[in-house]
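S.K.: Now for the letters of each chain:
2 protein chains.
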Amino acid sequence: MKKEYKKLAPENRLLLGPGPVEVAPRVLNVMSNPLYGHLDSKFLEITNETMELLRYTFQTTNQLTIPMSGTGSAGMETVMVNLLEEGDRAIICVNGVFGQRLRDMADRCGAEVISVEAPWGKTIDPEDVKKAFKNASGKVKLVGIVHAETSTGVKQPLEEISKIAKENGALLVVDAVTSLGGVDLKIDDWGIDACYSGTQKALSCPPGLSPVTMGEEALKVLSNRKTKVQSWYLDLSMIKNYWGKERVYHHTAPINMIYALREALLIIYEEGLEERFKRHQLNSDAFVSGIEAMGLSMAVKDKEYRLPTLNTVSIPEGVNDITARTYLLDKYGIEIGGGLGDFKGKVWRIGLMGESSKRNNVILLLNALGDALMQQGHRVDFGAATEAALKVYNG
Amino acid sequence: MKKEYKKLAPENRLLLGPGPVEVAPRVLNVMSNPLYGHLDSKFLEITNETMELLRYTFQTTNQLTIPMSGTGSAGMETVMVNLLEEGDRAIICVNGVFGQRLRDMADRCGAEVISVEAPWGKTIDPEDVKKAFKNASGKVKLVGIVHAETSTGVKQPLEEISKIAKENGALLVVDAVTSLGGVDLKIDDWGIDACYSGTQKALSCPPGLSPVTMGEEALKVLSNRKTKVQSWYLDLSMIKNYWGKERVYHHTAPINMIYALREALLIIYEEGLEERFKRHQLNSDAFVSGIEAMGLSMAVKDKEYRLPTLNTVSIPEGVNDITARTYLLDKYGIEIGGGLGDFKGKVWRIGLMGESSKRNNVILLLNALGDALMQQGHRVDFGAATEAALKVYNG
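For the protein sequence lines, the chains are A and B, in the order given. Residue numbers for the first sequence follow the working numbering, beginning at 4 and rising by one. Residue numbers for the second sequence follow the working numbering, beginning at 4 and rising by one.
Take these hints with a grain of salt, some might be off.
It does not matter which identical chain is used: a pair holds within one copy or between any two.
Mimicking DMTMM-like on lysine to aspartate or glutamate, the simulated pairs with C-alpha atoms at most 25 angstroms apart in a straight line are [to be verified]:
{"hint": "1", "residue 1": "K304", "residue 2": "D187"}
{"hint": "2", "residue 1": "K189", "residue 2": "E320"}
{"hint": "3", "residue 1": "K134", "residue 2": "E115"}
{"hint": "4", "residue 1": "K223", "residue 2": "D91"}
For the record, the hints were derived by calculation from the structure and aren't laboratory data.
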């Protein structure tokens, strides 16, 4: 007797966590198109358009601006393994889980890693990066830093650190997993040499691809390597020949995921980056106002450094994290994220990114969250929360 | 002025190359379902079912049987980086592009690689593997071999080589990218310690995931490592805790691709492995009969070692490879593959896998290929080709 498997029919969910987030129906629908071969000239046109749209979104003219065939962490690893060789020196900035991951990867490349740390919820201080260069026992190849720390909700200013890296002849590598397409990020203007992101955050596409961009200086480092890149799968010296004019086979491109990414990027292009950033800021501002009116507080104390895409709310004392999140899921189908690492059980991570960044979601979530708190005996002023949010929207 | 991008609307294609191949509409359609979060218990049920169905397809009880978040080559790299450490000794069998790739990866892991070679189009001789063990200067950690060499169309017998590996205390690692789901492959019965595949071949799913299975012996090697796995993204010591009972976050699983894989595996489960293997063999036999009746010849001379999934036809003298393939694409929308490496310009690679392995496709392709040959002044007996194929079908 064969086991019976049910037809796949996902239950209703509203994804307001750290990702994946909501995906527009038109993006979901393009994935159902029949496949092209990965060397079909018609498919190559699609990849050309995808690169064009990625350059627009990254605000760069970098030729090598492509989606890697893996999730965001594959992009992180791509940049690390291609730029670092055994014995290289790297300054890695760590103020959350993703800085830790970056450090772990640099370490696995055999690099000598110099950590620059900041407390969770705080930004990295450029002065500390300067000091790290001063104290380094020799040439530093790159500085790795997270623009949007998904574990804490911190937005890291990059321009000053970029200058410091340049003055010291080092490359600047930036993690933009939770900022690309939702928060201003100027690859060229800010002098970022290599950057990666994921599709399931502010790009509002399903997870599975990792957009990566690399400038001329980074490509020079790549072409001057003494050793092979330790990953064959992520070796850009070969992969750039598939995405470049040569169109040489490396591995089979994930056709339908690229259909989806192109469509998600088209939505961004149609909306326009400036409008999109404004929308993300507005919805986040409204949400934060509501949260504060409710008597809760944000985990990132300094407004200026809060990510609009990923909003970390401190869990009030006496409130059980998992009970509250389970309630939201059961009664509303709403997913929000729990804390990671140092922030486990201490914060909720609210993703207002891409399709999830909407007035409807903000108003609903404030009230649903209030309901979940009330279930645990926490007094909530619903009126104040909604009114505070509306004040942001309606002025 | 913004550039106008057209709505994505792929042209009609019939994919009969080395992959991606045709994908069933129900597999394409499930990808358009809304997303779950990657830690949602409802999604975890889907991952459990996917693992169950993968075990069925791999004919294994291995607990660690999961789809890696990358294409087939990511699976190859997964197995290599997890099992090999710097200085380890590996015997790699090379009789085509994918054996070469496996060797390249073992080399990037810092392993001492002993190559066992065979000419393109031939199988690896177990005696040569035996000799390689004898001549090795110390313990060999693993033997890597390709079950279905996509570049040549050779099907490699594995049981004898498995015995030799066991006798010498080495693991057997098998590339089953173009066999899993189309050609008999018994992970447990044949003593295969680690195996990987891709979704876009005989599983008839879009590209983007790489099923991997690892047995107890391989897991022991993994847990006894002295050094960290050089890839963070592919580190199974962490990834197994997402797919295992712990369900610890590692990276965001590619939700919609997993929907697709589950559906493609369900089709296999419903058809049954035996029926499926028979179907693949039948369609290949009919195709080969037609090809030979047309006066062409198969690149793999020995019938016994021909893959039914990937059929390599020698391009007749005087026939231009690219002209013929372009004609097929233009007039029929049919994609077949050209040769790789040593076989470039010398063979066509015809994929009759999954949804592409159908009587209709065989009959159509024989005649379309005949047409393409005729365009280049090559005399073709269409009647003989069709009749030979029909004889296989109708007995």
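S.K.: A separate judgement is required for each hint: does it hold in the structure or not?
M.R.: Taking the hints in turn, this is what the structure says about them:
1. K304 - D187: within (21 angstroms within a copy, 60 angstroms between copies)
2. K189 - E320: The answer is neither: 39 angstroms in one copy and 55 angstroms across copies each exceed 25 angstroms.
3. K134 - E115: within (16 angstroms within a copy, 42 angstroms between copies)
4. K223 - D91: within (15 angstroms within a copy, 32 angstroms between copies)
The structure fails hint 2 only (numbered hints given earlier).
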